[in-house]
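Colleague: Chain by chain, the residues:
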Amino acid sequence: MLELRDVHTYYGASHVLQGVSLTVGEGEVLGILGRNGMGKTTLVHTIAGLLRPRRGTIEFRGRRIGGAPAERIARAGMALVPQGHRIFPSLTVKENLKVAVRRGTAPEPWTIDDVVDRFPVLGERFGLSAGLLSGGQQQMLALGRALVGNGSLVLLDEPTEGLDPQTVARVGDVVDELRGRGTSAILVEQKVDFALRRVDRALVLERGHVVHTTDKPQELRTDTAALRELLAVGGAPSTAPSA
Amino acid sequence: MRGLSTGRLTALAAGLAAVAGLVLLPFLTDSFYTFVATRMLLLGLFATAYNAVFGFGGMASLGHAAFYGIGGYSVGIGVTRWDWPPLVVLPVAIVLGAAAAAVFGIMCLRVRGIYLLLLTLALAQAIAGLAFYQTEWTGGDNGIPSISRDGLPSAVREGDGFYWLSLGVVAVCVALLWMYQRSPLGMSVVGVRESEARMSATGYRTGRLRIIAFTVSGAFAAVAGVMEVYLQGSVSTANMHWQISAEVLVFAILGGARHFLGPFLGAVMVTGLEVWVSTYTDRWMTVLGIVYIATALFLADGVLGRAGWAVRRAKDLRAGPAAAPAAAPKDRTELPAEAPA
Chain A
1 MLELRDVHTY
11 YGASHVLQGV
21 SLTVGEGEVL
31 GILGRNGMGK
41 TTLVHTIAGL
51 LRPRRGTIEF
61 RGRRIGGAPA
71 ERIARAGMAL
81 VPQGHRIFPS
91 LTVKENLKVA
101 VRRGTAPEPW
111 TIDDVVDRFP
121 VLGERFGLSA
131 GLLSGGQQQM
141 LALGRALVGN
151 GSLVLLDEPT
161 EGLDPQTVAR
171 VGDVVDELRG
181 RGTSAILVEQ
191 KVDFALRRVD
201 RALVLERGHV
211 VHTTDKPQEL
221 RTDTAALREL
231 LAVGGAPSTA
241 PSA
Chain B
1 MRGLSTGRLT
11 ALAAGLAAVA
21 GLVLLPFLTD
31 SFYTFVATRM
41 LLLGLFATAY
51 NAVFGFGGMA
61 SLGHAAFYGI
71 GGYSVGIGVT
81 RWDWPPLVVL
91 PVAIVLGAAA
101 AAVFGIMCLR
111 VRGIYLLLLT
121 LALAQAIAGL
131 AFYQTEWTGG
141 DNGIPSISRD
151 GLPSAVREGD
161 GFYWLSLGVV
171 AVCVALLWMY
181 QRSPLGMSVV
191 GVRESEARMS
201 ATGYRTGRLR
211 IIAFTVSGAF
221 AAVAGVMEVY
231 LQGSVSTANM
241 HWQISAEVLV
251 FAILGGARHF
261 LGPFLGAVMV
271 TGLEVWVSTY
281 TDRWMTVLGI
291 VYIATALFLA
301 DGVLGRAGWA
311 VRRAKDLRAG
321 PAAAPAAAPK
331 DRTELPAEAP
341 A
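One line per chain: the protein sequences are A and B, in this order. The first sequence: position 201 = 201 (full-length UniProt numbering), numbered continuously. The second sequence: position 93 = 93 (full-length UniProt numbering), numbered continuously.
Calculated directly from the structure, the hints in this document are not laboratory data. Every residue gets a Cβ at the ideal spot worked out from N, C-alpha and C, and that includes glycine. Don't take every hint at face value.
What the hints assert, rightly or not - Stretch-level coverage of chain B by chain A, calculated; a stretch enters the list once three of its residues show a Cβ under 8 Å from a Cβ in chain A: (1) 184-193; (2) 204-217.
As the list claims (entries may be wrong) - Derived DEER-like restraints, expressed as beta-carbon distance ranges: (3) A:L128 / B:A294: 54 to 62 Å; (4) B:D141 / A:R55: 55 to 63 Å; (5) A:S14 / B:G113: 22 to 30 Å; (6) A:S134 / B:Y292: 36 to 44 Å; (7) B:Q134 / A:R55: 49 to 57 Å; (8) A:S129 / B:G272: 24 to 32 Å; (9) B:L185 / A:L128: 18 to 26 Å; (10) B:R110 / A:A169: 57 to 65 Å; (11) B:A314 / A:D113: 53 to 61 Å.
The following block holds chain B by itself, in its conformation from the complex (with noise of 0.2 Å):
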């Protein structure tokens, strides 16, 4: 361990004890909560997922629920019309997943901010259309229920397995997205975000990267999508909402679009809030919402950005007063920042 300071021990140490709790939790709570788990796994999966467009692109997308029912309905139609195993509802579902979200960004090439909210919204909206009206095949509002594991091995078929299952799922497609958002590839995104003009100027297709952004993202959320419907047992025009697609961004905004686990601990957030205020008030939407709220006055850059900023801050603090005060976090209104060149 030599060579390692404390401050990198202690993220070290308290890395390892969050894997471990992950990994134990099953151990240390009862069936609802292990439930409750999976889901904010998954969650933080999709916005993670999304957070691939919206933080790291620049592109404020209204349109991810389409992603992520397709996803779902990947696994409704397979199993129940065809018996298809996970190994190939999970390729099929990223395959459609990835192509819609291609097929988006290349409609979105020529919008920004506002229009590429409603123009995302727009599509989705197509395509939950397409589901509800295509009673054939996806049962339009009643969905398709009792949509069976059984291709799941029998070890993760149900509770503690299926847990430990998602977390796999989950662990495997948020190193997936990391190794991406560290990638020149994912670098390149991040630079069309701040200025698309210079990246267009140091050679780089710009309208490519966009559409490489949204393929990703919409590639991984279509597996949340996967993994939620085996989890529920069910699929219906609910996974395509509007509503889903304002969840995952407010998710991100929460824990912070700037920070690659914010969106992640966003969901873990509004999920654990969820079924916290709910078990004393059935005004538990009016909660949220004071939450939100407070998060847009006071935590500009989300919950990650402001714990950062209190860090750099003691850190500064301790050095003395000579030492300049560290950056309040910057207006989220600066956020998309897109300077000509």
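Chain A with its partners taken away, still in its complex shape (with noise of 0.2 Å):
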């Protein structure tokens, strides 16, 4: 589905990643973890062409995408959860998602009524503007607007971020239903235990560079002195709420 080989990128003269590569198989869900500031949401940008490698390769779907640009990865069959509840605060909650509706490659698609279904919430609001919308709601709807993107590899950039716990647990229930369909999934998160439980893969980005990689995301989860080696976090039961 995916594959980055030697990904290097830049921000003028910061060199952000540092040589990354790492596969995502149909249907698979990889987790990306690390710090602030190690490059997980450059990585992420890179992928989905909002910023250019300078040196390495991209392949989705068996087609080169390195510095492609982002419209045409996107309609290659990519969708993105955008960090910090991004979406268009003047348009309508109804608006936002029918403009990020596209037919798509999900092996399963998505319709607005699944996502209303998933997010009632978001019905009771659909003729509201989006930037009258709460963050968690603004969260789910930026999810939704993902979802009906039907890509089939889909890019979820810290979608838990500042939300409370039950649209913590939403979400978590969303990223599960992704990959129930058979659909791709990057999942970077800050919440260890959150990502760990629902991920097939992980790796572990530092300074740009991918310093572990384990397919046994759960094993890892337990193992409370390679969570803070590699995360500088005390272990699962303490690091986030289960969700």
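Make one complex out of these two single chains by using the hints.
Modeller: So this is what it looks like as structure tokens:
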């Protein structure tokens, strides 16, 4: 589905991604963990085409997309849930969803009704300007927009950031459902326990390098020593609410 | 009427009263004010067309006089040279206005903000210069005088009839612009205004959307230009002067660029003020200047923006102290937000 080989991305002279390689298989959910400023969002933006890699190759569904415009990558079947509840504030909830609808390449397509079914509060505020929604509701909308884009790969950049536990649980349910529907995903998260519960594989980024990969995220979840060493967190039970 | 709230009923009644007032206006006033009302309608259409690029597209242009003037010259040249009827003039003007606007859109793809203002101004000046020097076709600085309305049906050729024709054309064009604005295409253009990167990541070709916004805007600006020249009976490079572009920008800001009818209201207010103030003093430009300054200082998001805020505030006050206060209109510097995704 997706393969990155030795990808380097810069912000001006600042060398942020320093040779990242990874793969995401069909229907697989890959977790990307790491502390703040380690290059997680840069990696997502590079994959989505919002940043151009200076070196390395990115292949998506058999085609090279490294450096391609974001709209071409989205049309090829990639959907992005950007960090920080990024929606279109002056459009209504309905309009936000409508402009995001694509026939797409998802194995099992999502409709606006599916989104409203998972997040009923959006249906109650369908005609309201999205800028008037609470932060949690805006995040639901951002997630809904990515779902109706019907990509075969969904990039979720910290989808639980700043959300209350109930909303985190709902977002978790949707990630689980994506997985159940056979859609591939990359889940970037600071909530280590939330991420490791629902990904097939995980990697840890540090200063633009992949410093650890695991095919057994459940084991890493309970390995307090490894978590402390890799992420400077004290282990799953104390890091985040279970969702 | 069951199911309609009091607010909606009031809005419906106000709308019907406004429509009745507009249709009956020639019976309520003399020919001078009917002429003024016709100008208000046509400038209102021009401002609404302009706002498809400015308020909804987030692109401040100083070149729209070019499309307005192209519409005007289509009438002038078409009628005086080939005796074209309006049913030929109008489509030709629309195609030429849209094509010129599309070229503007393509040439402005790589610029934003102040650079977009300057580039659109330069392009419009180039077209105005072309009109100035092509004297054989345009009459140069003298323009084309005595443009006949003989091609129009006799019932709408003069006075009240021409007012009703203008009202009909403006109503149809504004309705079409409203439908465009509410369509997925129009919403996508608003999306580009709010975040080009986010729209791009959703799969939209944002450059193409910007060009479409210019094209739609140019087509309707040309219609306004056509009707204006039929009204005035002449066209010259004054119809393409950069000041016209600046005026339409002021209409939009004064009325409220984030509201569909804001620019129309701005055009009506400025035209009305011009007429009203000039009956008392020759220094009406000074008075208008003071109004513009006051708007910039105190009416962020224009008159409609402030009116909307006042309505929300009144509702909050009625709802009691527990209700959250209505947020004051945002500062205008925040309007064309383009945050990175």
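Colleague: If a hint holds in the structure, say so; if it does not, say that too.
Modeller: Cross-check of the supplied hints:
no. : hint                        : result
1   : 184-193                     : holds (count 5)
2   : 204-217                     : holds (count 3)
3   : A:L128 / B:A294: 54 to 62 Å : 32 Å, violated
4   : B:D141 / A:R55: 55 to 63 Å  : 59 Å, holds
5   : A:S14 / B:G113: 22 to 30 Å  : 26 Å, holds
6   : A:S134 / B:Y292: 36 to 44 Å : 38 Å, holds
7   : B:Q134 / A:R55: 49 to 57 Å  : 54 Å, holds
8   : A:S129 / B:G272: 24 to 32 Å : 31 Å, holds
9   : B:L185 / A:L128: 18 to 26 Å : 22 Å, holds
10  : B:R110 / A:A169: 57 to 65 Å : 45 Å, violated
11  : B:A314 / A:D113: 53 to 61 Å : 37 Å, violated
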